[in-house]
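Visitor: These are the residues of each chain, in order.
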Amino acid sequence: MLSFVVRRLAVAIPTLLILVILSFVLMYAAPGGPFNSERPLPPEVLANIEAKYGLDQPFWQQIVNYVWRVVTAFDFGPSFQYKDRSVNDIIAQGFPVTLTYGFWSFAVAVVVGVSLGIAAAVRQNSWLDYLAVGITVGAQVLPNFVMAPILLLLFTLWLGWLPGGGWNGGQWEYLVMPVIALSTSYMASIARITRSSMLEVLNTNFIRTARAKGLPMRRIIWRHAMKPAILPVLSYLGPTFVAMITGSVVIDIFFSTGGIGQFFVNSAFNRDYSVIMGITILVGALTILFNLLVDVLYAWIDPKIRY
Amino acid sequence: MTIKTNLMATTAAMLITAGGAVYADGHATHPETGETLASEQVFTYRDLDESPSIDPGKAEDTAGGDIIRDLFEGLMGQDAEGNLIPAVATGYTVSDDNLVYTFTLRDNAKWSNGEPVTAGDFEYGWKRAADPATASPYSWYIELTTVANASEVIAGDMDPSELGIKAIDDTTLEITLTQPLPYFPDMTTHYTLFPVPQATIEEFGDEWTKPGNMVSNGAYVLTEHVPQERLVRERNEMYWDNENTIIDKTVSLIIPDENVALTRFLAGELDRTEVPAGQFPRLAQEYPDDIMSVPQACSYYYTINLTDTTNPALLDPKVRQALSLAVNRDVIVDNVLAGGQKAAYTFTHWATAGFETPETPIAAMDQAARDAAAKELIAEAGYGSDNPLSLKLIYNTSDSHKSVAIAISQMWKQTLGVETELANQEWQTFLETRGNQDYEIARAGWCADYNEASTFLDLMDSGSGYNDAKYNNPEVDALLAEAKTAADPQAAYTQVEQIISEDVPIIPIYHYAAAKMLSDAVEGWPYNNFQQKWYSKDLYIVAE
Numbered sequence: 143m144l145s146f147v148v149r150r151l152a153v154a155i156p157t158l159l160i161l162v163i164l165s166f167v168l169m170y171a172a173p174g175g176p177f178n179s180e181r182p183l184p185p186e187v188l189a190n191i192e193a194k195y196g197l198d199q200p201f202w203q204q205i206v207n208y209v210w211r212v213v214t215a216f217d218f219g220p221s222f223q224y225k226d227r228s229v230n231d232i233i234a235q236g237f238p239v240t241l242t243y244g245f246w247s248f249a250v251a252v253v254v255g256v257s258l259g260i261a262a263a264v265r266q267n268s269w270l271d272y273l274a275v276g277i278t279v280g281a282q283v284l285p286n287f288v289m290a291p292i293l294l295l296l297f298t299l300w301l302g303w304l305p306g307g308g309w310n311g312g313q314w315e316y317l318v319m320p321v322i323a324l325s326t327s328y329m330a331s332i333a334r335i336t337r338s339s340m341l342e343v344l345n346t347n348f349i350r351t352a353r354a355k356g357l358p359m360r361r362i363i364w365r366h367a368m369k370p371a372i373l374p375v376l377s378y379l380g381p382t383f384v385a386m387i388t389g390s391v392v393i394d395i396f397f398s399t400g401g402i403g404q405f406f407v408n409s410a411f412n413r414d415y416s417v418i419m420g421i422t423i424l425v426g427a428l429t430i431l432f433n434l435l436v437d438v439l440y441a442w443i444d445p446k447i448r449y
Numbered sequence: 004m005t006i007k008t009n010l011m012a013t014t015a016a017m018l019i020t021a022g023g024a025v026y027a028d029g030h031a032t033h034p035e036t037g038e039t040l041a042s043e044q045v046f047t048y049r050d051l052d053e054s055p056s057i058d059p060g061k062a063e064d065t066a067g068g069d070i071i072r073d074l075f076e077g078l079m080g081q082d083a084e085g086n087l088i089p090a091v092a093t094g095y096t097v098s099d100d101n102l103v104y105t106f107t108l109r110d111n112a113k114w115s116n117g118e119p120v121t122a123g124d125f126e127y128g129w130k131r132a133a134d135p136a137t138a139s140p141y142s143w144y145i146e147l148t149t150v151a152n153a154s155e156v157i158a159g160d161m162d163p164s165e166l167g168i169k170a171i172d173d174t175t176l177e178i179t180l181t182q183p184l185p186y187f188p189d190m191t192t193h194y195t196l197f198p199v200p201q202a203t204i205e206e207f208g209d210e211w212t213k214p215g216n217m218v219s220n221g222a223y224v225l226t227e228h229v230p231q232e233r234l235v236r237e238r239n240e241m242y243w244d245n246e247n248t249i250i251d252k253t254v255s256l257i258i259p260d261e262n263v264a265l266t267r268f269l270a271g272e273l274d275r276t277e278v279p280a281g282q283f284p285r286l287a288q289e290y291p292d293d294i295m296s297v298p299q300a301c302s303y304y305y306t307i308n309l310t311d312t313t314n315p316a317l318l319d320p321k322v323r324q325a326l327s328l329a330v331n332r333d334v335i336v337d338n339v340l341a342g343g344q345k346a347a348y349t350f351t352h353w354a355t356a357g358f359e360t361p362e363t364p365i366a367a368m369d370q371a372a373r374d375a376a377a378k379e380l381i382a383e384a385g386y387g388s389d390n391p392l393s394l395k396l397i398y399n400t401s402d403s404h405k406s407v408a409i410a411i412s413q414m415w416k417q418t419l420g421v422e423t424e425l426a427n428q429e430w431q432t433f434l435e436t437r438g439n440q441d442y443e444i445a446r447a448g449w450c451a452d453y454n455e456a457s458t459f460l461d462l463m464d465s466g467s468g469y470n471d472a473k474y475n476n477p478e479v480d481a482l483l484a485e486a487k488t489a490a491d492p493q494a495a496y497t498q499v500e501q502i503i504s505e506d507v508p509i510i511p512i513y514h515y516a517a518a519k520m521l522s523d524a525v526e527g528w529p530y531n532n533f534q535q536k537w538y539s540k541d542l543y544i545v546a547e
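Protein chains in written order, with the working numbering: chain A, 143 to 449; chain Y, 4 to 547.
Looking at chain A on its own, in the form it has when it is part of the complex:
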């Protein structure tokens, strides 16, 4: 197991490096640059700015310098767009925000989704099952960019219960709508996967044996069916968790949370090279980390799996 983890971590480094180089190349291949605007800068001013950010150097030199700075100093450089801030600053401010609402959304999606899925599977074809399936289908056809404005109208304009957006240090009333909007469709997917996987497990021979032995249903589900049923859900949860904690541009735009999702998308439009790179590396590293974590959990849950 340990050697597996070490091996996987060793592979992660070249993976990240390829990610960096690929992003760099794609970024430069896109037309335009960070300092183009409706009002083009006079050439001498543009030259001053490019020199300041090292954009006057040859391409390979820029990559080497960049990687060197990231590896040795963990410095992602200054933002090209937000001249008062460094990329480290932007991540330090935006990531905790998305981490907070992403974590809560994840928790809600998992708890509600798994419970709904199990309940539906156990009481297959009952009113509970139909209700659960109905809810999940409904939730899935309501993407967050539709949910967000509806929540806003309901809770802010009509009921006046919740502030319409902002973060304010993450007080609960600012968290409610982002969490609902972000978790809904994930919750639906989790419920659906859990239900079908649980149904499959409940129809296997070892469950029938357990029932024949006269074990109570509760015990069968929690003790015997849960572990195998949760494996497919788990492999979905790894990347989902990363997607949720690295933010959603929709949530950031509709609820003005100041999270990292919006910086990510804006940086691509603004050609803010250093911010694109910084957040890409962050997301890449987290994805690798959580995939690894899921693999380790797999082995722990299912003893048949060995690495």
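No lab work stands behind these hints: they were computed from the structure.
Built from N, CA and C at the ideal position, the CB exists for glycine as well.
Treat the hints loosely; a few may be bogus.
[Said to hold, decoys possible] Sample of chain Y residues facing chain A (criterion: CB under 7 Å; computed from the structure):
#1 Pro55
#2 Lys61
#3 Val297
#4 Leu434
#5 Val525
[Unchecked claim] Chain Y regions said to be covered by chain A (calculated; three or more residues, Cβ under 8 Å):
#6 141-149
#7 219-231
#8 250-264
#9 267-278
For chain A, the structure is supplied; the task is to place chain Y on it using the hints.
Guide: Chain Y only, in chain A's frame:
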């Protein structure tokens, strides 16, 4: 009634017990108008996006400018009508040759740390903004003032210390220009020319603009700044005119989606936000007291590529005239946009100071006459139903640009039989395509840098870097050069507008208007300030 009596009783009690607290209790009245002021003097407004910088020397956008004008104060300011008023400077004198300006600074202006604001702070600010090491995206503004040696300093050929600005003593600032510029004092209301605190910048480096670090000389100080979320500025106790400032706190919230912002405005969370495209007529009917539409210093136009990479048909002035004539601007402003914009037949915005919109044949006709003339011209150029002209039009991705482009392509088709292929491009790609003359017709917009017609018309100069049409008419160049030094440049501007309406390197479409929701309770808004330079210190909130 009872409520009122109770309130009065409370006031009386307060008067007896706490004296001065009456003011804080909110029963204060405005010193001039006598209106009752709200107890909470907080102004909250929506911004579309985080500003690239709030460092006066590095800032580059309008929203950043709004923030900086609260935090810092320049030599001169603007009043609600856009007239020049004293700010840190109490006044200025100018030499006989109109080249040397001497500003006298007030001796009671202070930084928020209590240090006096001196002429040296301005000198430092200007030299810093021009210094290539600062890499300011707005250093060209310094060049625009024609201050001595600006171009050389920016190009790195001269040391910043050679810039033509000198602090004679703490309250006397001397600025030397290379050519007379009648609107120079007005240019000092722009943030690039504001003073900055040298000691603070040297202590904190790039971190100096963070709350806690920043020292500023305006009516407000920065107290909170969460990028992409909010920026809060609060009353600066050290400000020389603090006693006449009424708003205690101004909050700008970043809300990228304009419909979300509108919902939050209607829920009472905001005092000001933009009117979403196309919703002006409805909102004006439902909320007549909370809506405004004021001229905004920008022109919307289509630029026509006149280089050899263009469609050869566009090199014929008759075709260009026909295209311009066939655009029914009234339909665009009244039906497509419907936000108080005005049809444009000149490049210069109609509300520009000292500018009189000249008579041009196209403006004098009605649309039926224009369409008839357009049909004649396109036939003379050899195009018609048997030989239809096809054109390509590009615009940057936006719903509003798309609606305008579709409407215009329909007008061209109906009137002239011209087939237009529309293409939208993402912003950065668009800029590159247009800047490289890799287009036939492209959407464009231009906003005034200062309130004078040359800020628009200089784009028609063959040497202008922003002349994307690559229009080249020596007569226009000569007239523009003449206007720079003329006592009354209007005659030259009239001629330039008339020439470009004949040559049609660009098709002016409309002059912008800013349609905004502004809470009825907010008073003091400078509706008539053409550049919409507003200062929180001039606003106040009246009690409901």
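Visitor: Next step is simple, just say for each hint if it's right about the structure.
Guide: Status of the hints after comparison with the structure:
no., hint, verdict
1, Pro55, "holds (6 Å)"
2, Lys61, "holds (5 Å)"
3, Val297, "violated (21 Å)"
4, Leu434, "holds (5 Å)"
5, Val525, "violated (19 Å)"
6, 141-149, "holds (count 3)"
7, 219-231, "holds (count 3)"
8, 250-264, "holds (count 7)"
9, 267-278, "holds (count 4)"
Consistency with the previously given hints fails for numbers 3 and 5, ordered from lowest to highest.
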